[in-house]
Structures are given as C-alpha cells and as structure tokens.
Amino acid sequence: KAGVTQTPRYLIKTRGQQVTLSCSPISGHRSVSWYQQTPGQGLQFLFEYFSETQRNKGNFPGRFSGRQFSNSRSEMNVSTLELGDSALYLCASSPGGFDNQPQHFGDGTRLSIL
Amino acid sequence: AQKITQTQPGMFVQEKEAVTLDCTYDTSDPSYGLFWYKQPSSGEMIFLIYQGSYDQQNATEGRYSLNFQKARKSANLVISASQLGDSAMYFCAMRDDIAPRLVFGTGTRLLVSP
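Chains as they are written, first to last, in my numbering: chain H, 1 to 114; chain S, 1001 to 1114.
Misleading hints may appear alongside valid ones.
[Claimed, not checked] Derived CB-CB ranges, DEER-like:
1) H:Ser86 with S:Ala1001: 24 to 32 Å
2) H:Ala2 with S:Ser1031: 29 to 37 Å
3) S:Ala1001 with H:Gly40: 14 to 22 Å
4) H:Glu52 with S:Ala1001: 43 to 51 Å
5) S:Thr1020 with H:Ser51: 34 to 42 Å
6) S:Ser1042 with H:Leu83: 37 to 45 Å
7) S:Phe1012 with H:Ala2: 29 to 37 Å
8) S:Ala1018 with H:Thr20: 42 to 50 Å
Treat the hints as calculated values from the structure; they're not laboratory data.
Every residue gets a Cβ at the ideal spot worked out from N, C-alpha and C, and that includes glycine.
Can you make the complete structure from the sequences, with help from the hints?
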C-alpha cells in the first residue's frame, strides 16, 4: 500500500511570492491534516480536511489556506510568503480522523524563503 | 488546552541496551489518545505506538512499549535492545476526541552508540 506522498520535496521561494504544496493520502484515507515544523516553534497543527470540508484549523494567519478534492488529495497554499514561513511542512492522513487510527505522515516539503 | 512535555532534549544509549524516553501530558478531556513518532534526519515522521486513555494494558509494538501511568499523566516510551538505526528524534503526541489533530511535544533526540 502506497504511503502518503507529498510534492515537491524541496522548494525555494522569495518573500512576497505564493506557494502551493500537494499531498496525496493513503488510499482509502479521507482525513488529511497539515503541520508546520520549525526549530523555534516545533510541530504545529495547521488544518484538517475531511470529505472536502475543513473540520479544524490551527492558529495560523489567513495567508495559510488549503483544500481537499473529491479523491481526498489535498493542497496547501501560502500567499505573500514571509521569511518565517521557512519550515518543513508535513501532511498526514488517517481513515476518518476521530478514531484510534494513527495519522500517517508523508516525507514533508521543505520550504525555504529567501 | 492540551499540552505534551518532553523534558529530555537528548539521550544517549549504547547499542543493545534499553532506553526510556519520558512524556507527560495535560488534558481535561476524559478520552484521548497518545502517540509516539520517530523522525530520522531525513524528515519523515514514522508512527511507532499508540495508547488509548481507556486501554487497560500498556501498548507494545515489537521493541517498543509504552509505560502508561494515567494517574501520573505519563506515557513513557521504552525501546528495548537499541539499534544504531534507532538514532533519531522522538516525539510524543496527543489527540483528543473533539478534534482530530495532534499536539506534539518538543521531542527527544536519541543517539545510539556502538
């Protein structure tokens, strides 16, 4: 069974630009969550999607947005990039989200802002 | 609000020895789940073990076991017979039944020496 796939693996952008990250969950998983990992703030929850609906959102500015498609694939968009957005962005999927099944993570997208 | 505390920034262990990584948590929710993840230097988060708040027995998965002490709000990870490949960051995380999101601790870096 294929795992969670995140593309691209690495990305370099400049301040003010926007970026879109992609996540394909494990087949059959309908819940997709996004996390940001930085040395200073650690791992922080961004948002979670289930059946194309955002069910939960973390404490991030509106520049961070996402969506989920009917095949459960998800995209995350960050607009007007700032230096502080440099981070490892991790996507995780689980069957439904509220059960005891663990979230399985992808390899992450490492975003660097110049 | 939920909180996970990992007080050991780094741990050293010799190959084939056992090691315990500490995790304490704080929550007012009666139902919750506790997870441990391993993050090698390459970045991916690997699920290791899960413990539910109502589980009567401590969880075990191969060389990993979870020492769950509910009254003390601790969920320590025990790795038996350490291997060189166990060198990585280890994160303790919690999920409640209200929102399918994980709250992570700051992590413990484990180094296994030959």
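Worksheet item: So which hints don't hold here, by number, going up?
Response: Numbers 4 and 6 - these are the hints that the structure violates, sorted from lowest upward.
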